[in-house]
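Asker: Listed here are the chains, written in short residue letters.
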Amino acid sequence: MGVVTLLTDFGLADTYVGQLKGAILTIAPAATLVDLTHAVPPQDVFAGAFLLWTAVEAAPPGSVHVAVVDPGVGSSRKAVAARSGRGDFFVGPDNGLLVPALDRLGGCAEAVELTQGQYWRQTQSSTFHGRDIFAPVAAHLANGVALADLGQPVELQRPFSVAISDGPHGQVLHVDAYGNLITNLRRAASASIQGQRARFVSHYAAAQPGELIALVGSSGLLEIAVRDGSAAALTGAVRGDAVELLN
Amino acid sequence: MGVVTLLTDFGLADTYVGQLKGAILTIAPAATLVDLTHAVPPQDVFAGAFLLWTAVEAAPPGSVHVAVVDPGVGSSRKAVAARSGRGDFFVGPDNGLLVPALDRLGGCAEAVELTQGQYWRQTQSSTFHGRDIFAPVAAHLANGVALADLGQPVELQRPFSVAISDGPHGQVLHVDAYGNLITNLRRAASASIQGQRARFVSHYAAAQPGELIALVGSSGLLEIAVRDGSAAALTGAVRGDAVELLN
Amino acid sequence: MGVVTLLTDFGLADTYVGQLKGAILTIAPAATLVDLTHAVPPQDVFAGAFLLWTAVEAAPPGSVHVAVVDPGVGSSRKAVAARSGRGDFFVGPDNGLLVPALDRLGGCAEAVELTQGQYWRQTQSSTFHGRDIFAPVAAHLANGVALADLGQPVELQRPFSVAISDGPHGQVLHVDAYGNLITNLRRAASASIQGQRARFVSHYAAAQPGELIALVGSSGLLEIAVRDGSAAALTGAVRGDAVELLN
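Read top to bottom, the protein sequences are chains C, A and U.
Residue numbers for the first sequence, in this note's numbering: 1 to 247.
Residue numbers for the second sequence, in this note's numbering: 1 to 247.
Residue numbers for the third sequence, in this note's numbering: 1 to 247.
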């Protein structure tokens with residue numbers, strides 16, 4: 001019995017995450033639950049997709065990942081589950097949220113639209129598919145139910161991608177909670193952003209306090225940071241802004 | 001060995017929740033711990049009771065629920081444990097916190113005042129009964145100790161209730177972290193609040209951005225919401241304000 | 001298979017904590033993970049050390065504690081693991097973070113510098129030793145690997161201490177999320193801080209709303225608090241400020 005991870009935009013102030021977990025443990029009592037984050041900005045599917053992408057590689061191979069950033073809940077958007085080349089399972093809405101993480105773990109080997117209601121909560125609300133559809137399906141996958149039993153084969157929507165690049169032209173993919181600017185560049189080099197130079201360093205302690213620096217972060221991507229400060233505040237940069245490698 | 005859920009007003013900035021969990025796992029090492037929420041507004045017993053009410057139905061039947069919102073800790077308020085009709089156990093202060101959730105799971109089948117100190121931490125602080133009394137008792141219940149062994153039969157205090165209604169007159173029970181106004185009405189209908197009309201929709205995506213809407217939420221209660229916004233901010237409504245069904 | 005606790009300054013908005021957990025469960029799938037807190041102020045090693053000190057006594061004896069508040073990551077600061085007199089293990093940077101908690105659990109019985117890379121992630125980033133070194137090492141300790149196999153004996157750095165005192169002169173060790181001022185004094189007495197008198201009470205409910213009080217908190221230390229308010233806001237006191245026992 002394996003790991004089930006959870007990533008949502010529910011926050012922790014209400015009991016929505018607790019209800020997801022209760023729904024999973026009701027069906028798969030021996031599952032080990034791991035929170036990836038529940039602080040995805042509300043309904044920001046791209047941010048959720050990026051955060052899921054950052055986290056899945058460190059999870060045990062074969063984990064089940066439930067992700068819920070779902071502005072279209074209750075509409076005609078599909079509910080889906082998929083298996084990656086590495087053997088992890090993903091469950092969530094078909095709005096692009098799952099795709100970068102699937103690609104990171106060897107691509108999408110198989111995907112289904114969730115249509116088999118016997119694997120869901122007996123009655124489903126129109127606002128909380130996380131608890132009523134995704135969580136039960138994830139629990140059944142953790143119990144060993146075959147993906148093909150959960151629904152019909154489907155091609156996942158790909159409304160965006162996390163396009164990693166060797167540069168020299170790149171962009172900010174994500175601004176983290178400390179104001180670090182994570183770029184889509186995988187080179188170890190100094191960089192320019194908003195007209196300011198960020199000197200390459202190999203680790204934080206090599207920077208001066210307050211200095212704008214570039215370093216390779218834990219996901220292998222170049223990050224623009226300020227030692228003991230916020231690069232987002234210092235540069236004014238936001239997601240999508242251009243970054244250029246120097247030298 | 002089952003699930004032990006936790007709901008408190010401790011927040012996550014200190015280690016109080018971690019200490020609760022350590023105390024439980026010391027006695028019941030195979031328990032599966034689930035956080036419902038730790039962001040109950042400090043000492044707001046009614047909000048804690050409502051949030052517990054929202055969460056317990058999704059938990060596995062037979063779970064043990066520890067809830068600590070306890071402004072009277074150290075005073076003469078009783079410490080109690082109870083069993084619901086569904087077979088879940090509840091542990092916490094006797095201030096009304098546990099009662100709505102008990103009622104939701106089939107009512108209170110049995111309740112005791114916690115008097116048997118051999119099931120507590122060896123020494124108890126006067127400020128942290130969560131760690132020193134409630135957590136150890138919950139762990140013993142998870143281990144199969146009988147409720148009747150923990151203390152003397154008691155009638156629980158009922159200083160308030162979560163009174164669900166068919167309307168047309170209702171009120172706001174809770175304002176969630178997104179500014180959604182959860183009412184005590186279980187009807188699917190448009191509603192009026194603070195002189196504004198909230199149009200009934202079946203799901204969020206059916207609303208216009210910025211529109212005040214009414215929809216049936218994940219607990220089966222009518223919620224007043226704003227797509228991509230805060231109904232609390234738009235209407236100025238707070239807990240207790242009147243809501244009237246339209247149709 | 002036992003408990004692995006986690007304490008960091010990573011926050012919960014990103015997936016860093018989730019990646020730590022994935023790294024642990026990849027190696028020790030049956031470990032029970034417990035969050036102590038992830039809200040240590042960024043890079044505040046003393047605050048992290050104090051919070052770890054508050055939490056470890058309630059954990060099951062023999063637990064493994066991973067702590068990451070690590071401004072020197074990637075520099076020449078050592079990575080270490082240690083065993084306490086009680087038999088708990090600690091893993092983290094050698095910057096003082098682990099020492100007060102070790103002392104609380106019977107002192108440091110054995111410590112090693114982590115030098116045996118076969119117990120680490122295959123490739124290590126220079127910014128995230130939590131995931132790449134500390135988490136895998138903690139998982140191997142939970143699996144029963146001997147401390148001596150992980151590296152060479154080392155004397156831990158002790159750049160500060162949590163010096164508990166009987167008074168009458170003491171200081172503020174920590175300001176918690178509610179504005180309570182936790183002192184280094186273990187006496188039950190009224191106290192003076194910033195020229196204001198804090199009356200001793202045995203529990204919160206014995207105070208008047210808004211009254212500045214002193215009471216013995218859950219760690220056995222005298223705390224200055226305000227019922228339904230913030231002692232930090234009322235007194236202006238910060239960490240390090242003097243406190244004097246009265247009578």
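The set of hints was computed from the structure by calculation and includes no laboratory data.
There may be inaccurate statements among the hints.
The list treats identical chains as one, so a pair stands whether inside a single copy or across any two.
[Claimed, not checked] Below, in silico cross-link-like pairs of lysine to any residue (SDA-like), each with a Cα-Cα straight-line distance of 20 Å or less:
#1 Lys78 / Ala207
#2 Lys78 / Asn143
#3 Lys78 / Gly240
#4 Lys78 / Thr26
#5 Lys78 / Ala206
#6 Lys78 / Ser202
Asker: Decide, hint by hint, whether the structure agrees.
Answerer: Against the structure, the hints:
1. With identical chains, the CA atoms of Lys78 and Ala207 are at most 20 Å apart between copies only, with a shortest distance of 19 Å across copies and 47 Å within one.
2. Neither within a single protomer nor between protomers do Lys78 and Asn143 lie at most 20 Å apart by alpha-carbon distance, with minima of 23 Å and 42 Å respectively.
3. When the C-alpha separation of Lys78 and Gly240 is checked against a cutoff of 20 Å, the pair qualifies neither within a copy, at 28 Å, nor between copies, at 38 Å.
4. Taking identical chains as interchangeable, the C-alpha atoms of Lys78 and Thr26 are never at most 20 Å apart, the minima being 24 Å within one chain and 32 Å between chains.
5. For the homomeric pair Lys78 and Ala206, the shortest alpha-carbon distance between copies (16 Å) is at most 20 Å, but the shortest distance inside one copy (48 Å) is not.
6. For a Cα distance limit of 20 Å, the shortest separation of Lys78 from Ser202 across copies, 17 Å, qualifies, whereas the shortest one inside one copy, 44 Å, does not.
When each numbered hint is compared with the structure, violations occur for hints 2, 3 and 4.
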